[in-house]
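All chains, please: the whole structure from these sequences, using the hints.
First to last, the protein sequences are chains A and S.
Counting from 1, one number per residue, gives the positions in the first sequence under our numbering.
Counting from 46, one number per residue, gives the positions in the second sequence under our numbering.
Certain hints may be false.
What the hints assert, rightly or not - Here are some of the chain S residues that sit facing chain A, going by a computed Cβ distance under 7 Å:
#1 A95
#2 P247
#3 V295
#4 G299
#5 D452
Hints listed in this document are in silico derivations from the structure and should not be mistaken for laboratory results.
Where a beta carbon is used, it is the ideal one built from N, C-alpha and C, also for glycine.
Read off the chains here:
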Amino acid sequence: MTTAGWITMALVCGYVWGGVILLVSIAMRSEGFKDDEAPSRPWEP
Amino acid sequence: MSGSEGTGTFSSRWGMLLVMLGMAVGTGNIWRFPRIAATNGGGTFLIPWAIFLLAWSVPLLLVEFAMGKAARRGPIGAFATMIGQSWAWMGAWVVLCATFIMFYYSVVTGWTLRYLGAAIAGELPGAEPGALWESYAGSGWAVLTMAISLGIAVWVVARGVRGIEQAARILMPALLVLVVVLAVRAVTLPGAERGLAFLFTPDLAGLGNSRVWLEALTQNAWDTGAGWGLALTYAIYMRAREDTTVNAFVLGFGNNSVSLLAGIMVLCTVFSVRPDASAEIVGAGNTGLTFIWVPQLFAAMPAGRFFMAAFFLALFFAALTSLISMVELATRALVDRGMARGKAILWVAVAGFVLGLPSALSMAVFENQDNVWGVGLLVSGLFFGIAVLRYGVDEFRERFVNSAGSDVRIGRLWNVAIWVVTLEALVLLVWWLSQTISEQGWAASLDPFARWSLGTVLIQFAVVLALCIAFNRRLARLAGSAAQIGQRS
Numbered sequence: 001m002t003t004a005g006w007i008t009m010a011l012v013c014g015y016v017w018g019g020v021i022l023l024v025s026i027a028m029r030s031e032g033f034k035d036d037e038a039p040s041r042p043w044e045p
Numbered sequence: 046m047s048g049s050e051g052t053g054t055f056s057s058r059w060g061m062l063l064v065m066l067g068m069a070v071g072t073g074n075i076w077r078f079p080r081i082a083a084t085n086g087g088g089t090f091l092i093p094w095a096i097f098l099l100a101w102s103v104p105l106l107l108v109e110f111a112m113g114k115a116a117r118r119g120p121i122g123a124f125a126t127m128i129g130q131s132w133a134w135m136g137a138w139v140v141l142c143a144t145f146i147m148f149y150y151s152v153v154t155g156w157t158l159r160y161l162g163a164a165i166a167g168e169l170p171g172a173e174p175g176a177l178w179e180s181y182a183g184s185g186w187a188v189l190t191m192a193i194s195l196g197i198a199v200w201v202v203a204r205g206v207r208g209i210e211q212a213a214r215i216l217m218p219a220l221l222v223l224v225v226v227l228a229v230r231a232v233t234l235p236g237a238e239r240g241l242a243f244l245f246t247p248d249l250a251g252l253g254n255s256r257v258w259l260e261a262l263t264q265n266a267w268d269t270g271a272g273w274g275l276a277l278t279y280a281i282y283m284r285a286r287e288d289t290t291v292n293a294f295v296l297g298f299g300n301n302s303v304s305l306l307a308g309i310m311v312l313c314t315v316f317s318v319r320p321d322a323s324a325e326i327v328g329a330g331n332t333g334l335t336f337i338w339v340p341q342l343f344a345a346m347p348a349g350r351f352f353m354a355a356f357f358l359a360l361f362f363a364a365l366t367s368l369i370s371m372v373e374l375a376t377r378a379l380v381d382r383g384m385a386r387g388k389a390i391l392w393v394a395v396a397g398f399v400l401g402l403p404s405a406l407s408m409a410v411f412e413n414q415d416n417v418w419g420v421g422l423l424v425s426g427l428f429f430g431i432a433v434l435r436y437g438v439d440e441f442r443e444r445f446v447n448s449a450g451s452d453v454r455i456g457r458l459w460n461v462a463i464w465v466v467t468l469e470a471l472v473l474l475v476w477w478l479s480q481t482i483s484e485q486g487w488a489a490s491l492d493p494f495a496r497w498s499l500g501t502v503l504i505q506f507a508v509v510l511a512l513c514i515a516f517n518r519r520l521a522r523l524a525g526s527a528a529q530i531g532q533r534s
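Encoded structure:
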C-alpha cells in the first residue's frame with residue numbers, strides 16, 4: 001500500500017472509530033451526573 | 046398525558062443506543078457500502094463519505110431525536126404538533142415511505158435467513174454458482190422466509206419497547222462481535238493487503254468527480270437511517286433526562302464504524318480469494334455480490350463454512366433489527382391515531398405480509414419498489430429540513446436540542462448544517478432527475494410501467510402525496526394541539 005493509502009486509512013479509521021470511542025466516553029462520563037427529575041417536556045413549567 | 050405513557054421508556058441510555066444502532070445498521074452497511082466504496086474509487090470515496098457523516102447523517106439524526114423526544118408521537122403527530130396541523134401530510138409521507146420499504150425489506154430479511162440456513166446445512170456454494178439463488182428468489186420459499194422474518198419482527202414489537210430493547214441487547218453485541226471477527230479473519234488472509242490498498246488509497250483527482258460526492262451522500266442517507274422517521278419513532282421512548290446531541294453523534298459514528306468494518310471484511314476477502322475477478326464481483330450488485338459471490342469466496346478459504354454462516358448470521362441480525370424498527374414505526378403511526386397497540390400490530394402484520402407478497406414473488410416488483418422508495422427517503426430528509434426551517438432553527442435548537450439532560454450545547458454551526466442538509470436533499474433530487482433522463486432518454490424515462498423509470502417513481506409519489514394531502518385534516522385531528530409544544534405561528 002502506498003503512503004497516501006496508509007495516511008488515508010489512519011485518518012478515516014481514526015475519525016470514525018476514534019469518534020465513537022470519544023463520544024461513548026463523553027456519554028459514560030455525563031451519565032453519572034444526570035438527574036431523573038429533569039422535565040420530559042421542556043415547554044411545560 | 047404523555048404520549049409515551051402506557052408504552053414505557055428504554056431502561057437505560059445503553060439500551061436505547063443499542064436499539065437505535067440496530068435500526069441504523071442494516072444490509073446497507075454490509076452489502077451496499079463495500080460495493081459502493083469499491084465502485085467509486087475506494088479511498089477517494091471515503092473522503093466525502095466521512096464529510097457527509099457530519100453534513101447529512103448527524104444533523105438529521107439530531108432533528109429526529111429532538112422531534113420524537115419533544116412530541117412523544119410518531120412522525121405524523123410530530124410534524125403536526127411542531128410546525129402546524131396543516132403539515133401533518135409531511136409526517137404521513139415519512140411514515141408511508143418507511144412502511145413501503147418495510148413491505149420489501151421483510152423479503153430481504155427472509156433472503157438472509159434462507160442463506161443462513163443454507164450455510165449451516167452446507168448447501169453453499171453448491172455445484173453450480175448461483176443455482177440456489179436462481180431457484181429460490183421469487184419462489185414460494187421466499188414467501189415463507191419473508192413471513193417468518195416478519196413474524197419474528199412482529200413478535201418482538203408486540204412485547205413493547207422493553208421487548209425491543211431486550212432483543213437489541215442480544216442481537217447487536219452479537220452482530221458487532223461477528224463483524225469484528227469476520228473483519229479480523231479477512232485482514233489476516235494472504236493477499237488481504239491488496240483489498241486494504243484498494244479501499245484506502247485515494248486518487249485526489251477523483252474528488253473532482255461529482256458522482257463520487259453524490260454517491261457518498263446517498264450512501265450516508267441510506268445506511269444511517271437518517272431522515273427515515275425511525276430514529277424519531279424510537280426517540281418517543283427516550284427517558285426524560287436523556288441527552289439528544291451526543292446520542293445522535295454516537296449513532297452516526299457507530300453506524301459508519303460498522304460500514305467501515307464491513308468494507309474491510311468484504312474487500313479483503315475478495316482481493317485475497319479472487320483478485321482476478323474483483324471488478325466483476327464488486328460490480329455484481331447487492332444481491333449478486335452477497336448471494337452468488339460471497340458463498341464462493343467463503344468456500345475457498347480455510348474454515349469457510351463457519352465464516353460463511355457467521356457472515357449470514359450477521360447479515361440476518363442486521364436486517365432483522367432494522368425490520369423491527371420499521372414495524373414499530375408503522376405500529377406507532379396507528380397507535381397515535383387512537384388504535385389499541387395490539388390491534389395496530391395485527392394490522393401491520395397482515396398488511397406487511399399481503400403487501401410484501403408481490404416483492405417476494407417478483408424481482409421486478411422488488412427492484413421497482415427499492416428504486417422508488419429509496420428516492421422517497423431523500424424527500425423524507427428534505428421534509429425534516431423544511432420542518433426545522435419552518436419552526437425556526439435557533440428556537441428549535443435552544444428548545445429541543447439544548448434541552449434539559451443534554452450533555453453538550455450545540456452552537457450556531459448546527460444552523461448551517463440544517464441549511465446544508467436541506468440544500469443537499471434538493472441537489473440530490475435534481476441530480477437524480479437529470480441522471481435518469483440523460484441515461485434513459487425522455488420517452489423511456491416517462492414510462493410509468495418500467496422498473497427503473499422516472500415515470501414509475503413520479504406516478505407512485507404523486508398517488509401517495511395526493512392521499513397524504515387529501516387526508517391531512519383527518520391525520521392531524523388526533524395529532525394534538527400545536528400549542529402543546531409552543532409551535533411558532
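Structure-based check of all given hints:
Annotation: S/A95 was flagged as interfacial toward chain A, and the flag holds, the nearest CB pair being 6 Å apart, inside 7 Å. Satisfaction of the interface hint for S/P247 is found here, the shortest Cβ-Cβ separation to chain A being roughly 5 Å, below the 7 Å cut-off. Given the 7 Å rule on beta carbons, the hint for S/V295 holds: about 5 Å separates it from the nearest Cβ of chain A. The interface hint given for S/G299 holds, since its Cβ lies 5 Å from the closest Cβ of chain A, which is under the 7 Å cut-off.
About 4 Å separates the beta-carbon of S/D452 from the nearest beta-carbon of chain A, less than 7 Å, and the hint is met.
Taken one by one, the earlier hints all hold for this structure without exception.
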